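*Asks:* Residue strings, one per chain:
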Amino acid sequence: GQQLNQSPQSMFIQEGEDVSMNCTSSSIFNTWLWYKQDPGEGPVLLIALYKAGELTSNGRLTAQFGITRKDSFLNISASIPSDVGIYFCAGPSGSARQLTFGSGTQLTVLP
Amino acid sequence: GAGVSQTPSNKVTEKGKYVELRCDPISGHTALYWYRQSLGQGPEFLIYFQGTGAADDSGLPNDRFFAVRPEGSVSTLKIQRTERGDSAVYLCASSSLGLAGLGEQFFGPGTRLTVL
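Chains as they are written, first to last, in this note's numbering: chain A, 37 to 147; chain B, 944 to 1059.
Don't read these hints as lab results, they were simulated from the structure. Incorrect hints may have been included.
[To be verified] Listed next, the stretches of chain A that the computed footprint assigns to chain B, with coverage defined by at least 3 CB atoms under 8 angstroms from CB atoms of chain B:
#, stretch
1, 77-87
2, 95-104
[Unchecked claim] Chain B is nowhere near these chain A residues, computed Cβ spacing over 10 angstroms in every case:
#, residue
3, L40
4, Q42
5, S63
6, T92
7, F109
8, N111
9, S113
10, S118
11, A126
12, P147
[What the hints assert, rightly or not] Here are some of the chain B residues that sit facing chain A, going by a computed Cβ distance under 10 angstroms:
#, residue
13, Q949
14, P951
15, E987
16, F988
17, L989
18, Q993
19, T995
20, D1006
21, F1009
22, A1036
23, S1038
What you are looking at is a predicted structure, and each value in this text was computed from that prediction instead of being measured. All C-beta atoms, glycine included, are put in the ideal place defined by N, C-alpha and C.
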């Protein structure tokens, strides 16, 4: 099946720094999604990308849909403590209703 | 509440027992999904319902797993003869169809299943 490789696995950054994480796939995805999961909660959608080359922002978050359709990037600017959590990339696969998730990037923001 | 709810939040059972996990989707959402999340991993798809019918059950790992949605709203995931490897967080999500045919999936908080 399709797999998403997410990196880095974990990040430790100082409050106020910018952070970037990425996701790659061996196969093409027509939609890229970025989720954030807090402890004890389900994932929450942050940004959805529907077109190759698309660059979309949501507040301090910016995500890009790679031209090859096999990768995507998420950037967070001026990090704050509430940015702590696990960030997942995801894309539709199979019946196009199921989502395939990456293994996540654990983000820690140090004061 | 307005979100997806799941009960119980935690379930501890013994190997070989039967368990049922319940999901209440957002009112009006026709699509419902079950995922399983192991420690340190992203959610893995199990099954997708459109209305009352299971439109895609390709993610169910074996015939010990079964899910129903008899009235097109609440869904129950049933696991027979539980094994220690079934221990995970079981997430439910619901959506309405949106642009590009992929409506945003709203996730519940999950049920943490521990099989001793």
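*Asks:* Run every hint past the structure and note whether it holds.
*Replies:* Now the hints, each set against the structure:
1. 77-87: holds (count 7)
2. 95-104: violated (count 0)
3. L40: violated (8 angstroms)
4. Q42: violated (8 angstroms)
5. S63: holds (16 angstroms)
6. T92: holds (13 angstroms)
7. F109: Holds, because the least Cβ-Cβ distance between F109 of chain A and chain B comes to about 17 angstroms, which exceeds 10 angstroms.
8. N111: holds (20 angstroms)
9. S113: Holds, since 24 angstroms exceeds 10 angstroms.
10. S118: holds (18 angstroms)
11. A126: violated (7 angstroms)
12. P147: holds (25 angstroms)
13. Q949: With Cβ-Cβ at 8 angstroms, under 10 angstroms, it holds.
14. P951: violated (13 angstroms)
15. E987: Constraint on E987 of chain B satisfied, holds at 7 angstroms.
16. F988: Hint on F988 of chain B: holds, closest Cβ of chain A at ~4 angstroms, below 10 angstroms.
17. L989: This hint holds: L989 of chain B lies near chain A, its Cβ roughly 9 angstroms from the closest one there, short of 10 angstroms.
18. Q993: OK, holds: Q993 of chain B within 10 angstroms of chain A, min 8 angstroms.
19. T995: Check failed: Cβ of T995 of chain B comes no nearer than 16 angstroms to chain A, outside 10 angstroms.
20. D1006: violated (19 angstroms)
21. F1009: This hint is violated: F1009 of chain B lies away from chain A, its Cβ roughly 17 angstroms from the closest one there, beyond 10 angstroms.
22. A1036: holds (7 angstroms)
23. S1038: Because about 8 angstroms separates S1038 of chain B from the closest Cβ in chain A, which is inside the 10 angstroms limit, the hint holds.
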